[in-house]
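Novice: Here's the letter readout for the chains.
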Amino acid sequence: MVKQTYQVTADTIGKRFGNVVLFRNIHFSLVTGQSMAITGPNGSGKSTLLSITAKLATPDRGKVVYQRDQKIIGRRELFSHIGMVSPDIMPYRELTAIENIRFAFNTFTPAEDHVHDRMEALGLYSHRHKPVAQYSTGMLQRLKLLVATLGTPGILFLDEPGSNLDTTGKDIIYTYLDQVRPDIILCMATNESTEAGLCERSIYLGTDHS
Amino acid sequence: MVQTILSSIRKDFRVEFRGRYAINVSVAFAFITTLSISFATGGTAIRPAIQAIFLWVILFFSAMNSLSHVFTREEEESTALFLRLHSSAETVFLSKLLYNMAVFMFLEMLIVPLCVFFLSITVIQPVQFTITMLAGGIAITSATTIIAAIVSQSGGRGSLFTILSFPVTLPVLWVTIDATTRSITSGLIFSWNSVLFLGAFSMALLIVSYLLFPVIWDEG
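Going down the list, the sequences are from chains A and B.
If you're matching positions, the first sequence starts at 1 in the working numbering and goes up one per residue.
If you're matching positions, the second sequence starts at 1001 in the working numbering and goes up one per residue.
Think of the hints as simulated: they come from the structure by calculation, not from any bench.
Each hint should be verified, as a subset may be incorrect.
Claimed, not checked - Computed spacing ranges between beta-carbons, pair by pair:
id, chain 1, residue 1, chain 2, residue 2, range
1, B, L1035, A, D113, 53 to 61 Å
2, A, G18, B, F1017, 38 to 46 Å
3, B, I1053, A, T152, 57 to 65 Å
4, A, D88, B, R1018, 21 to 29 Å
5, B, F1166, A, A121, 51 to 59 Å
To be verified - To spell it out: a stretch of chain A is covered by chain B in this simulated footprint if at least three of its residues, at any positions, have a beta carbon under 8 Å from a beta carbon of chain B; those stretches are:
id, region
6, 29-37
7, 71-80
Think of the CB as a built atom: it goes at the ideal place given N, C-alpha and C, for glycine as much as any other residue.
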């Protein structure tokens, strides 16, 4: 299989809420194989910048451009190339893990064995027929990671991926990220130094409230 | 696309009927309102025109909660972004529209017999009556699905939905009440122009909604 090369370029991104400037003039460019951590204190706009980069939010200034093999990817096509874990993205609580996966991948169904292996690796296999409403916060975070990574996306966005996870859960994620990092663009918002250390670059968002 | 729409409708039914919150509220509202009107009139004969008004007012307000819930639930439970990532805007709109139509038909199947019994409605022209019910239901859901999507992005969702929906659906209610009156009154001629109007109204709103929905959904 020919490996696809992705590029994401953020050009002078700025965002404000009312009179509060969250950040401005953010500029970066990442290609497949590169990773970046967005760090900073609470309220500095890490999650907002991640959402803007994933085109799930709009910036007040600047733009984000995606390319695959040097061809621009539109916003709507983009979603089939990215995986994202965020506190703002929840699977359906009334559905089971398996039902959520079947819904999320209704056009492209990952091989059954692959799904089972990944569920087993994340410790979710025995809970696959439970409604998500009965999951603990840690199990929910594992499920979000499973859904985000199951389609082997070319670009992965993680917002505090280790939150609510025990040591085993964190180890599973860090090992997984080590394996896939050379083949994807990884962009992560985090306050954990261990997680930020998994990325080769980082952006620090200060508190500029001018 | 058909497969993804069906998958999305299946998902909405599972989510809704495992919780059953919105449907239960709609059905309870319909029961309470119909019984209240029945007790209040106390066996007095009600003119067919008033029966038709009662029937559509009960249907309209009972359905309001369920029709908006299909979008507000996505925002309230933070599943809207999950849906955005995994379904196209067109798929979301068509699946929610078909789901709302199915829910409205389901409510009609419960509410119409209830009203026929408690309000002592005599259906003179059953075919015309049934077609009016179907066409009216389709017109109301065609008009309100896009409003539910807009309202779900704002605060005060539930009450705002009914307020915004009322002026848009007023022509539909006007025509359906008139057509229903004719189908339950002996001696009146049923006008098929009413059904034609409801069909044209639904089609026009569906086209406009389908074209506008990606802007509302993607920028939400």
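Novice: Can you list which hints this structure breaks, lowest number first?
Specialist: 6
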